[in-house]
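UniProt numbering puts the first residue of the sequence shown at 1, with every later residue one more than the last.
One or more hints might be untrue.
Straight-line distance between alpha carbons at most 20 angstroms, and here's what the computed EDC-like set of lysine to aspartate or glutamate pairs gives [to be verified]:
(1) LYS67 - GLU114
(2) LYS89 - ASP71
(3) LYS29 - GLU97
(4) LYS29 - GLU235
(5) LYS89 - GLU114
(6) LYS89 - GLU202
(7) LYS229 - GLU202
(8) LYS67 - ASP90
(9) LYS89 - GLU133
(10) LYS62 - GLU7
(11) LYS29 - ASP185
(12) LYS190 - ASP222
So the derived label-pair ranges between C-beta atoms look like this [said to hold, decoys possible]:
(13) PHE242 - LEU76: 43 to 49 angstroms
(14) ALA2 - GLU133: 28 to 34 angstroms
(15) ALA80 - SER42: 40 to 46 angstroms
(16) LYS129 - GLU259: 20 to 26 angstroms
(17) MET1 - GLU259: 27 to 33 angstroms
(18) GLY156 - GLU114: 40 to 46 angstroms
(19) MET197 - GLU259: 21 to 27 angstroms
Simulated from the structure, these hints should not be mistaken for lab results.
Idealized CB from N, CA, C, for every residue including glycine.
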Amino acid sequence: MALLEIENLAVEFQTSTGPFRAVDGVSLKVDAGEVLAIVGESGSGKSVSMLAAMGLLPWTAKVTADKMVFDGRNLLGMSASERRKIIGKDMSMIFQEPIASLNPCFTVGFQIEEVLRIHLGLDKAARRKRAIELFEAVGIPNPAERLGHYPHQMSGGQCQRVMIAIAIACNPKLLIADEPTTALDVTIQKQILDLLMRLQTEHRMGLIMITHNMGVVAETADRVIVQYKGRKMEEADVLSLFESPKSDYTRALLAALPENATGDRLPTIGEIFKGAAQ
């Protein structure tokens with residue numbers, strides 16, 4: 001049985017010009033211990049799909065699906081209070097823009113201890129001990145001291161590590177990483193990816209990696225879903241996707257990588273995709 005299984009997911013937002021369908025008929029599943037990458041250019045509905053599964057979209061969004069099951073539990077039939085017991089504990093997410101995702105009014109220590117208090121019911125001493133252990137696990141130096149710092153007192157890479165510590169605090173069964181290396185320099189990107197893969201292996205978590213970086217996909221994923229304009233264009237194991245992509249859009253994504261440039265000018269995805277469709 002899949003850890004997370006979604007069939008025919010659709011997400012619609014109301015706009016000033018009428019309804020806009022951001023996700024249209026996406027299906028996916030991920031097993032325990034598996035790494036699934038969801039790849040596509042910005043605006044392809046990757047993050048919205050996962051926020052819908054987490055129940056974190058605004059109430060104005062219309063979310064429908066034929067099936068949305070996590071760890072044998074029907075997410076579609078859950079009340080908001082029932083889902084809150086799962087989100088952040090069994091199913092967790094590392095959000096884009098770590099500095100924007102952390103509350104600037106509270107120390108990072110308070111924010112990680114709040115998760116431990118709500119989901120595990122730990123007392124103050126146990127929460128602090130666990131928070132220090134988590135900061136050590138994600139490679140934050142001087143963890144006891146860092147607990148008292150505010151997000152603005154930490155670098156982007158350190159804030160990303162705080163977000164990872166919060167996300168894994170309760171040893172989730174499924175971790176969703178939304179562009180976990182965005183805006184980080186290359187050295188820090190490698191450290192963050194290595195950290196995520198180590199934690200995924202140690203805890204046998206299901207991991208969904210949302211990215212537009214095909215290098216990250218090649219390095220981390222077991223299977224890949226390619227999305228374009230809210231639709232799933234292709235799904236394959238990672239080797240098959242790179243060696244023999246089936247959809248024109250996937251071929252366009254790969255052809256637009258700098259290392260695949262054949263002329264003086266790198267073509268855009270739109271140019272390649274348009275040409276393939278003609």
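Can you name, in rising order, the numbers of the hints this structure does not satisfy? Going through the list in order, the structure violates hints 1, 3, 7, 11, 13, 15, 16, 17, 18 and respects the others.
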